[in-house]
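The numbers in this note's numbering rise by one with no breaks, and the one at position 508 of the sequence shown is 657.
These are calculated hints, taken from the structure and not from any lab test.
Computed from a predicted structure; not experimentally measured.
Don't be surprised by glycine CBs; every beta carbon is placed ideally from N, CA and C.
Any given hint could turn out to be false.
Claimed, not checked - Below, a list of computed lysine-lysine pairs in the DSSO-like style, where the Cα atoms sit at most 30 Å apart:
id : residue 1 : residue 2
1  : K225      : K212
2  : K287      : K573
3  : K475      : K494
4  : K225      : K287
5  : K212      : K171
To be verified - Quick list of the computed label-pair ranges, beta carbon to beta carbon:
id : residue 1 : residue 2 : range
6  : L324      : A172      : 36 to 46 Å
7  : T165      : A414      : 43 to 53 Å
8  : W230      : L183      : 23 to 33 Å
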Amino acid sequence: MTCESSAARRIVNDPTLSAAQKARALSLEAENALAYPEIDAETRAALDARVICDMYEGHAPYKPRYVLPDYSVVLKQGSAWLELPAPQSLDEAIHCLMIAYHHVPSVTGMPVYIGQLDDLLLPFCDGVSDAALYQQIKLFWRYIDRVLPDAFLHANIGPSDNRVARTILRVDAELQQIAPNLTFRYDPDVSSDAILEQAIANITICSKPHIANHPLHQAVFDDDGYGIVSCYNALPICGGASTLTRVNLAKVAEQSRDADDFLTAVLPRYVDLNFRLTEARVDYLFNQSGFFDSFLVTEGWIDPDCFTAMFGVFAMAEAVNLLQEKAGADGRYGMDAAANELGHKISARLAELVAARPMAHVWRGHAMLHAQAGLSTDTGFTPGVRIPYGAEPDPVTHVRALAPHHQYYPSGISEILTMDETVKANPAAVLDLCKGAFANGFREFTANVGGNDLVRVTGYMIRLSDLAAFNDAKGSRTNTTALGAEAADQTDILKRKPRVVANELLAGAD
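Let's have the full structure, built from the sequences with the hints guiding it.
This is the structure we're talking about:
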């Protein structure tokens with residue numbers, strides 16, 4: 150007798166999925182046929198009600214959610230496991246990385262971090278002409294998008310102004326691919342105005358890269374180093390994140406009498422339950438999965454002590470607005486000073502609660518608070534601490550409303566500022582807005598520009614042209630197009646209001 154899974158059969162018969170996409174979906178279906186890591190009844194009830202959420206990572210955590218290898222290790226010493234000698238030329242270094250990527254797991258089945266590429270490749274560029282470097286990077290970039298077609302895959306460059314970083318920016322603007330996602334780490338004491346201007350110009354063309362406030366991130370990670378991965382997550386190099394769980398703040402607010410009850414009783418309860426969920430998943434990964442017995446550890450690509458746990462939250466906007474209604478107040482999140490202040494107070498309370506809870510098998514003994522960017526099925530809930538789609542104020546008001554949150558979310562927080570396409574003729578205004586946002590405490594500056602085919606969803610990229618083809622039942626070779634289509638259907642991601650950035654509205658102006 151055969152016991153057949155209807156979900157597995159739907160995957161196998163789905164005409165919009167490639168063979169590789171079916172294989173990945175079937176592997177998750179098989180994993181979810183296993184028993185869930187042991188959790189108590191109260192935690193299970195909160196998970197079933199989705200007040201807390203495991204991000205659907207799977208029932209048996211046999212690999213970390215995000216892995217950030219120190220790729221300099223394999224470039225310096227090669228790999229005995231992979232029978233790779235240490236590379237001696239730019240050609241060999243790029244091919245070494247291409248091979249390495251296939252052996253780095255993540256929640257997506259593909260790497261989410263492909264390295265600080267300018268630092269990795271610069272030592273191999275002596276004697277390489279600019280023309281040859283451009284051709285090599287262009288082929289490398291095309292390989293990444295065609296063979297690892299997932300927009301959560303992320304490269305970093307900066308903060309220095311160097312020929313590899315400039316070439317990557319040039320190629321990224323020309324090819325306009327969904328992969329890799331890209332972050333430029335900006336440091337006013339290191340980065341030249343010229344390379345920041347090139348990064349901003351790229352944003353007006355293809356809505357990439359993210360700009361990271363390097364001094365703020367570096368202060369958290371010190372000499373351990375960090376990488377920006379997946380959407381905009383800041384995590385330790387040589388480690389990563391074992392898991393990401395999250396709390397739906399709107400559902401917590403629903404169960405609260407008022408803001409005081411929310412902050413002192415109901416929120417702490419669900420923070421505790423989310424920690425129980427996180428601990429169960431981390432314990433399984435470290436003590437049952439055998440993941441940390443791999444060559445990635447023995448050869449020094451990763452260190453088990455460098456894996457954190459990400460404690461995520463979302464639906465801040467809906468939580469604040471509901472608590473405002475319970476208090477008989479009209480002000481709305483993002484637009485009203487009192488509502489914004491309540492949001493800042495919630496973030497401060499979350500940071501306090503997370504810092505007070507020690508954890509085993511977690512980098513520095515504590516989880517890292519994270520403003521989670523949402524799922525494609527989060528109907529009615531705004532990602533992280535963002536302002537609801539379609540309700541965005543002008544860019545300066547937008548930045549000022551959200552900037553006080555950024556100090557509390559060291560493992561990642563981001564807003565997507567949607568600019569009217571007129572900024573293509575005035576990129577200096579976007580540059581000034583970026584600098585103003587950083588001066589106000591932003592960790593990340595991210596923008597979509599009207600009229601671009603490439604747009605950000607929650608942090609990953611899709612092409613609107615791919616979305617149109619997917620909706621015509623043609624499928625897509627990129628793994629994230631389906632997520633973007635689902636998000637467009639079930640959330641309001643395409644309803645963001647493009648805003649004009651004028652010189653008289655620069656952040657920091659009186």
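Hints and how they fare:
{"no.": "1", "hint": "K225 to K212", "in the structure": "25 Å, holds"}
{"no.": "2", "hint": "K287 to K573", "in the structure": "24 Å, holds"}
{"no.": "3", "hint": "K475 to K494", "in the structure": "17 Å, holds"}
{"no.": "4", "hint": "K225 to K287", "in the structure": "24 Å, holds"}
{"no.": "5", "hint": "K212 to K171", "in the structure": "20 Å, holds"}
{"no.": "6", "hint": "L324 to A172: 36 to 46 Å", "in the structure": "27 Å, violated"}
{"no.": "7", "hint": "T165 to A414: 43 to 53 Å", "in the structure": "46 Å, holds"}
{"no.": "8", "hint": "W230 to L183: 23 to 33 Å", "in the structure": "27 Å, holds"}
Checked against the numbered hints listed earlier, the structure breaks hint 6 alone; every other hint is satisfied.
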